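Participant: Residue numbers for the sequence shown follow the working numbering, so the first one is 1 and each next one is one higher.
Hints were generated in silico from the structure; no laboratory data involved. Incorrect hints may appear among the rest.
[Said to hold, decoys possible] Label-pair distances were calculated between CB atoms; the ranges are:
| id | residue 1 | residue 2 | range |
| --- | --- | --- | --- |
| 1 | Met1 | Thr177 | 33 to 43 Å |
| 2 | Ala5 | Asp56 | 17 to 27 Å |
| 3 | Ser23 | Gly61 | 16 to 26 Å |
| 4 | Ala43 | Ala84 | 12 to 22 Å |
The structure presented is a predicted model; accordingly, all values stated were derived computationally and were not measured. For glycine and all other residues, C-beta sits at the position ideal for the given N, C-alpha and C.
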Amino acid sequence: MIAFAEIVRSVYGSWRLACGKSSGMQWFDSSPGGVLRSFWGPALVLPGVLVLQTLDGAFEGDIFFALAVQLIAFVIGCTAYPLAVARICDEIGCGGNFPRYLVAYNWSAVIQISALVPVTLLAWLVPGPSLALLGLIVTVALLFYQAYIARVALGVTYLAAGLLVLLDLLIGTLVQTAAERIAG
1 MIAFAEIVRS VYGSWRLACG KSSGMQWFDS SPGGVLRSFW GPALVLPGVL
51 VLQTLDGAFE GDIFFALAVQ LIAFVIGCTA YPLAVARICD EIGCGGNFPR
101 YLVAYNWSAV IQISALVPVT LLAWLVPGPS LALLGLIVTV ALLFYQAYIA
151 RVALGVTYLA AGLLVLLDLL IGTLVQTAAE RIAG
């Protein structure tokens, strides 16, 4: 289990990073236990992810089968990218920083879903080009946020951080596309 105080500290650290403050890293527990507990970040955002998937039409068929597929895809998505990045970090010489990156990456999901859900709900309720543009702006800002986390936590170049974000997008797209095909 995780203490509420650790959740608050970790979300605050994620918020500081979102504000461009590298000092946000000091709020994370990068110990082996802290790394494991950081997966509470993605777990806490699961309801928001399911809301986004519902708005995207993921549950139009057999809801129980689609839900099972989406939950499996969510777990794969939460683990495939970190496994790939762990290996990459070892290869490029920043493997020692991987735990702190993974903790920041996992907790950043709370900030990201907090930005995406309201904008997506607004765009769904009031469709139009203005809100579509807002959605695009938020998405691009979140991609820069992810790159900033990689740069600060891993100590890599902007290019390397950007490539890690692209890898995350690629893996996420592959997993979600497979889930959509399986769920029908």
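Participant: Which constraints among the numbered hints does this structure fail? Numbers only, ascending.
Facilitator: Of the numbered hints given earlier, those the structure breaks are 2, 3, listed in rising order.
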